[in-house]
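A.B. asks: Sequence:
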Amino acid sequence: MSDYDKPHLDISALVARGEYKSPSSNARGTAVQRIRADHGQRLATELHEAFARADAEQAAPIAEIEGLEPAGGVFLEVELAPGSGAIMVERKTEGTRQSAEKILENGARSLALFVPEDARDKIEAVLEDYRKGEITSTRGTPPKASRVEPIEHFREARLRTFWRDDQNALPTDPQASIWWGAWCFTDAVERVVEAAATLGMQVGGANTWLRFPETVVVPIFGRVSAVELLLFASGGIAELRRASDNPAVFTQNLRDEIPALIEDLAARITWPGAEAPAVCLLDTGVNRAHPLIEPALSEEDTLAVNAAWGGDDHETGPGHGTGMAGLSLHGDLVARLADQSQPTLAHRLESVKILPPTGFPANDPHAYGPITHSAIALAEVQNPERDRIFCMAVTNTLRSGAEASAWSAAIDQSAAGAEHSDEETEAQKRLMFLAAGNVPDNAVAAEIADVDAFPAQDPAQAWNALSIGGFTQKTAIADAGYEDWSPAVDVGEPSPYSRTSYLWDRAKSPFKPELVLEAGNRALSPSGEESVAGLDSLSLLTTSRNVDADPLTPFWATSAATAQGARMAAELAAAFPHYWPETLRALMVHSARWTPPMLAAIENCAGKSERADCLRRFGYGVPDLGRATASAQDDLALVAQNTIQPFRKDGSVRFNEAHVYPLPWPRDVLEALDNTRVRLKVTLSYFVEPNPSFASAIDPARYQSFGLRFDLKRSRESAANFHKRNNAEMAGEGAAAASDPDAGWLFGPRSISAGSLHVDIWEGAAVELAARNLLYVKPITGWWRERVGLGRFNAKARYALVVSIETPETEVDLYTPIAATIPTIVEVETG
Numbered sequence: 000m001s002d003y004d005k006p007h008l009d010i011s012a013l014v015a016r017g018e019y020k021s022p023s024s025n026a027r028g029t030a031v032q033r034i035r036a037d038h039g040q041r042l043a044t045e046l047h048e049a050f051a052r053a054d055a056e057q058a059a060p061i062a063e064i065e066g067l068e069p070a071g072g073v074f075l076e077v078e079l080a081p082g083s084g085a086i087m088v089e090r091k092t093e094g095t096r097q098s099a100e101k102i103l104e105n106g107a108r109s110l111a112l113f114v115p116e117d118a119r120d121k122i123e124a125v126l127e128d129y130r131k132g133e134i135t136s137t138r139g140t141p142p143k144a145s146r147v148e149p150i151e152h153f154r155e156a157r158l159r160t161f162w163r164d165d166q167n168a169l170p171t172d173p174q175a176s177i178w179w180g181a182w183c184f185t186d187a188v189e190r191v192v193e194a195a196a197t198l199g200m201q202v203g204g205a206n207t208w209l210r211f212p213e214t215v216v217v218p219i220f221g222r223v224s225a226v227e228l229l230l231f232a233s234g235g236i237a238e239l240r241r242a243s244d245n246p247a248v249f250t251q252n253l254r255d256e257i258p259a260l261i262e263d264l265a266a267r268i269t270w271p272g273a274e275a276p277a278v279c280l281l282d283t284g285v286n287r288a289h290p291l292i293e294p295a296l297s298e299e300d301t302l303a304v305n306a307a308w309g310g311d312d313h314e315t316g317p318g319h320g321t322g323m324a325g326l327s328l329h330g331d332l333v334a335r336l337a338d339q340s341q342p343t344l345a346h347r348l349e350s351v352k353i354l355p356p357t358g359f360p361a362n363d364p365h366a367y368g369p370i371t372h373s374a375i376a377l378a379e380v381q382n383p384e385r386d387r388i389f390c391m392a393v394t395n396t397l398r399s400g401a402e403a404s405a406w407s408a409a410i411d412q413s414a415a416g417a418e419h420s421d422e423e424t425e426a427q428k429r430l431m432f433l434a435a436g437n438v439p440d441n442a443v444a445a446e447i448a449d450v451d452a453f454p455a456q457d458p459a460q461a462w463n464a465l466s467i468g469g470f471t472q473k474t475a476i477a478d479a480g481y482e483d484w485s486p487a488v489d490v491g492e493p494s495p496y497s498r499t500s501y502l503w504d505r506a507k508s509p510f511k512p513e514l515v516l517e518a519g520n521r522a523l524s525p526s527g528e529e530s531v532a533g534l535d536s537l538s539l540l541t542t543s544r545n546v547d548a549d550p551l552t553p554f555w556a557t558s559a560a561t562a563q564g565a566r567m568a569a570e571l572a573a574a575f576p577h578y579w580p581e582t583l584r585a586l587m588v589h590s591a592r593w594t595p596p597m598l599a600a601i602e603n604c605a606g607k608s609e610r611a612d613c614l615r616r617f618g619y620g621v622p623d624l625g626r627a628t629a630s631a632q633d634d635l636a637l638v639a640q641n642t643i644q645p646f647r648k649d650g651s652v653r654f655n656e657a658h659v660y661p662l663p664w665p666r667d668v669l670e671a672l673d674n675t676r677v678r679l680k681v682t683l684s685y686f687v688e689p690n691p692s693f694a695s696a697i698d699p700a701r702y703q704s705f706g707l708r709f710d711l712k713r714s715r716e717s718a719a720n721f722h723k724r725n726n727a728e729m730a731g732e733g734a735a736a737a738s739d740p741d742a743g744w745l746f747g748p749r750s751i752s753a754g755s756l757h758v759d760i761w762e763g764a765a766v767e768l769a770a771r772n773l774l775y776v777k778p779i780t781g782w783w784r785e786r787v788g789l790g791r792f793n794a795k796a797r798y799a800l801v802v803s804i805e806t807p808e809t810e811v812d813l814y815t816p817i818a819a820t821i822p823t824i825v826e827v828e829t830g
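0 is the number of the first residue of the sequence shown in numbering that gives the first Met the number 0; add one for each residue after it.
It is possible that some hints are incorrect.
[To be verified] Pairs of lysine-lysine residues, derived as DSS-like cross-links and limited to a Cα-Cα distance of at most 27 Å, are as follows:
(1) K101 / K121
(2) K143 / K648
(3) K143 / K131
(4) K101 / K91
(5) K143 / K101
(6) K607 / K507
(7) K131 / K101
(8) K795 / K507
(9) K121 / K143
(10) K507 / K20
(11) K795 / K428
(12) K131 / K91
(13) K648 / K428
(14) K507 / K428
(15) K20 / K91
(16) K20 / K5
(17) K91 / K648
(18) K795 / K648
[Stated by the list, open to error] For each label pair, taking beta carbons as the anchor points, the in silico distance ranges come out as:
(19) D489 / R119: 49 to 57 Å
(20) S608 / S526: 32 to 40 Å
(21) D489 / L103: 39 to 47 Å
(22) A718 / A605: 45 to 53 Å
(23) T315 / A742: 53 to 61 Å
(24) E104 / H47: 41 to 49 Å
(25) H372 / D673: 39 to 47 Å
(26) I102 / S136: 29 to 37 Å
(27) T642 / E256: 50 to 58 Å
In case anyone wonders, no lab produced these hints; they're calculated from the structure.
A quick note: this is a predicted structure, and the numbers were derived from the prediction, not measured.
Where a beta carbon is used, it is the ideal one built from N, C-alpha and C, also for glycine.
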């Protein structure tokens, strides 16, 4: 796994500006070809070394523990080549058993393989037969080729091999103690429990075990060093996760201990100062008396658009606003309460109540635009110097977001800082997070099974906001009475609560949601006919307004996902105070990756249009704070923040300028990599001033003030032709035609044209990317140009550009030569 520990590289100064005039207007790697003798010999050597290390590191320590019996075999880690498919490495006749399968970042599969003592010779014989056996097939295939050739490497298994949660969440201190979720083979549970007792580990009662057809999940509390011994002594653990990965542990099993756990966590936290960035919640208010909220939410920051409403959380039950507050401040509280970490919070909270409590007239649905503007103004007047991220999980349940509404346009207006047309001062830009909306609860599973039939709700269509949907990793049902029920979706799939923009007009509406975060899961009855929402074990854990009676509560659906998204943005804002809201948005989306099920859905699409449909279901994937914050030597991001004037009045209003970036690729390094696959990702983010009138529902150019597009020089295209093709100002007698088809883009320019956020991914040979070293950012039309009477044709706009390059198939230092090249380009440009 790459170490993301290097600062992103700033290429803002590389921009070359020029006058602009608009012109008239998937290759996949082949299967690995094995050289029989070399491949067989290498695997035989690796297998021999893996057995030797496993004997020393797995079996030997067990012999030193009195009463601990060896498992009668060792675990190996087997890596399968990318594209090898879901093959089975285990063989019942040999007694081998595979488990803990993962997809690595390079597309390869990793798994743990238990090898009994008497099976070693059999596996070695398979490799020997592959290397030296007589070829009898008419195709010249070596014996055992189908079994051996998909294998890339043998290694001894380690604790990390079995860890199926976030790799960064695995404790590194051998003495650290946590609750482990031991996913045991059904015929080995007794052996695991006995070995755990011998090691002095605490095992959860049988009523806390989760039973599946092939595994039983047993909660076990103990040190990292102890669970490592347990793994290799019992031979019966298929994989490990956190046992406390659902709120049921706290809401059902540890209810009496909750106050002490909350007090302990509150004491461990380093709380933020008054100057820290904030997540500003527009919701039902917040009960700031909660011990996990009060230090990060001052009384003067607990506001309401109607002062008579008060700032407290008025909603009955646990309180929606207070639940949002806990998640946007801490994330899912399960992990925080279960460990002994000492978190430092770099952001705080603000709350503006936008929903009236009981006894007050309901808000006029048509007034939510002004209400949102008022709420934003209240927070900013209260603390004008503070940076903040706005978070609103309130939706219009009666309206689809297929077209712009007054509410969504008001949000676009606020994000762009366009509420006031004062051109003397720079507009206040804002990053806003919205919920995509929830598929309604329904006990009849069939009626809500097709989430595409439930379009994202108003105001999620706002172009400038990040609209958040849900995915889930929660599939273990631990609630009493639901032992025979199953999760509605599998690990990594879009949450069954989350709405999509699949039914929206593809040409006019932006992709929503752009990002997905954990939103929980539904449960289905054994027959599959009944559905239930909100089970504790399939939800997240957060703060409740009922501080005395029930201070913690399960929380789920796109509200939970939206709060977590705002939290990540606030952490980014704290780390990068000089980054614009447009840039924070770009970094979050750029950091996102699809889960294996999402990636499989995209790879199974017939073409770019079908892939774009996937974006309307789960956006660009799950954002990653580590990748958004820093680069790695083989996965690095180039970031630019610049201002552009799209139009100018010269008699008539015409295009004004385009920007070109020379990309500082290390040509010699990329050419040396030759046909090694590299991945380029481009994200372009800007905020438009909305104009939701004048046929904006028919023509997006009437809604947007301007638009931007990017284009990458092709590998066999000269720089002169690249400029001519993109800019008629430089084309002489006519625009140049493209010198070669622009293959390799995952979505293509047509698919990503809607909205004010444009993302695409190119994959190809490293030697080809070496020549793709120029990137155009050019304007397209909007109402600033078309509506001359509004007088905005000379306005300037900001944008953020993020370009990343990674080498998923090999580790190579791209960062150092690129970082060294940037200053030389700047010197040439300014010299």
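A.B. asks: The structure should be examined with respect to each hint, and the outcome stated for every one.
C.D. replies: Here is what the structure says about each hint:
1. Distance hint between K101 and K121 is fulfilled; the C-alpha atoms sit about 26 Å from each other, no more than 27 Å.
2. Restraint check for K143 and K648: not satisfied, since their Cα atoms lie roughly 73 Å apart, outside the 27 Å limit.
3. Our distance criterion of 27 Å between C-alpha atoms is met by K143 and K131, whose separation comes to about 11 Å.
4. Straight-line distance between C-alpha atoms of K101 and K91 comes to about 22 Å, which keeps the hinted pair within the 27 Å bound.
5. The suggested pairing of K143 with K101 holds, with an alpha-carbon distance near 24 Å, which does not exceed 27 Å.
6. Restraint check for K607 and K507: the C-alpha separation of about 17 Å stays at or below 27 Å, so the hint holds.
7. Taken as a hint, the K131 and K101 pair is broken in the structure, with Cα atoms around 32 Å apart against an allowance of 27 Å.
8. Distance check on the hinted pair: K795 and K507 sit about 24 Å apart at the alpha-carbon level, within 27 Å; holds.
9. For the hint linking K121 to K143, the alpha-carbon distance of about 12 Å falls within 27 Å, and the restraint holds.
10. At most 27 Å may separate the alpha-carbon atoms for a hinted pair to count; K507 and K20 meet this at roughly 24 Å.
11. With a C-alpha separation of about 13 Å, the suggested pairing of K795 with K428 holds against the 27 Å cut-off.
12. Restraint check: the Cα-Cα separation between K131 and K91 comes to about 25 Å, which is no more than 27 Å; the hinted pair holds.
13. Pair hint K648 plus K428 holds up; C-alpha atoms about 26 Å apart against a cutoff of 27 Å.
14. For a cut-off of 27 Å, the pair hint linking K507 to K428 stands: about 24 Å separates their Cα positions.
15. Pair hint K20 plus K91 does not hold up; C-alpha atoms about 68 Å apart against a cutoff of 27 Å.
16. Of the supplied pair hints, the one linking K20 and K5 is violated, its CA atoms being roughly 39 Å apart against a limit of 27 Å.
17. A distance of roughly 77 Å separates the Cα atoms of K91 and K648; the hinted pair therefore is violated under the 27 Å criterion.
18. Straight-line distance between C-alpha atoms of K795 and K648 comes to about 13 Å, which keeps the hinted pair within the 27 Å bound.
19. Taking the beta carbon of each, D489 and R119 are about 35 Å apart, not inside 49 to 57 Å as hinted.
20. A hinted range of 32 to 40 Å holds for the C-beta pair S608 and S526, which are about 37 Å apart.
21. The hinted range of 39 to 47 Å is not satisfied by D489 and L103, whose Cβ atoms lie roughly 19 Å apart.
22. For A718 and A605, the hinted distance range of 45 to 53 Å is not satisfied, since their beta carbons lie about 35 Å from each other.
23. For T315 and A742, the Cβ-Cβ distance of about 57 Å falls inside the hinted range of 53 to 61 Å, so the restraint holds.
24. Remark: the range hint 41 to 49 Å for E104 to H47 is contradicted by a beta-carbon distance near 28 Å.
25. The hinted window of 39 to 47 Å between H372 and D673 is violated, with their beta carbons roughly 56 Å apart.
26. Between I102 and S136 the beta carbons are some 31 Å apart, a value that agrees with the proposed interval 29 to 37 Å.
27. The hinted window of 50 to 58 Å between T642 and E256 holds, with their beta carbons roughly 55 Å apart.
Violated hints, listed in ascending order, are 2, 7, 15, 16, 17, 19, 21, 22, 24 and 25; each of the other numbered hints is respected by the structure.
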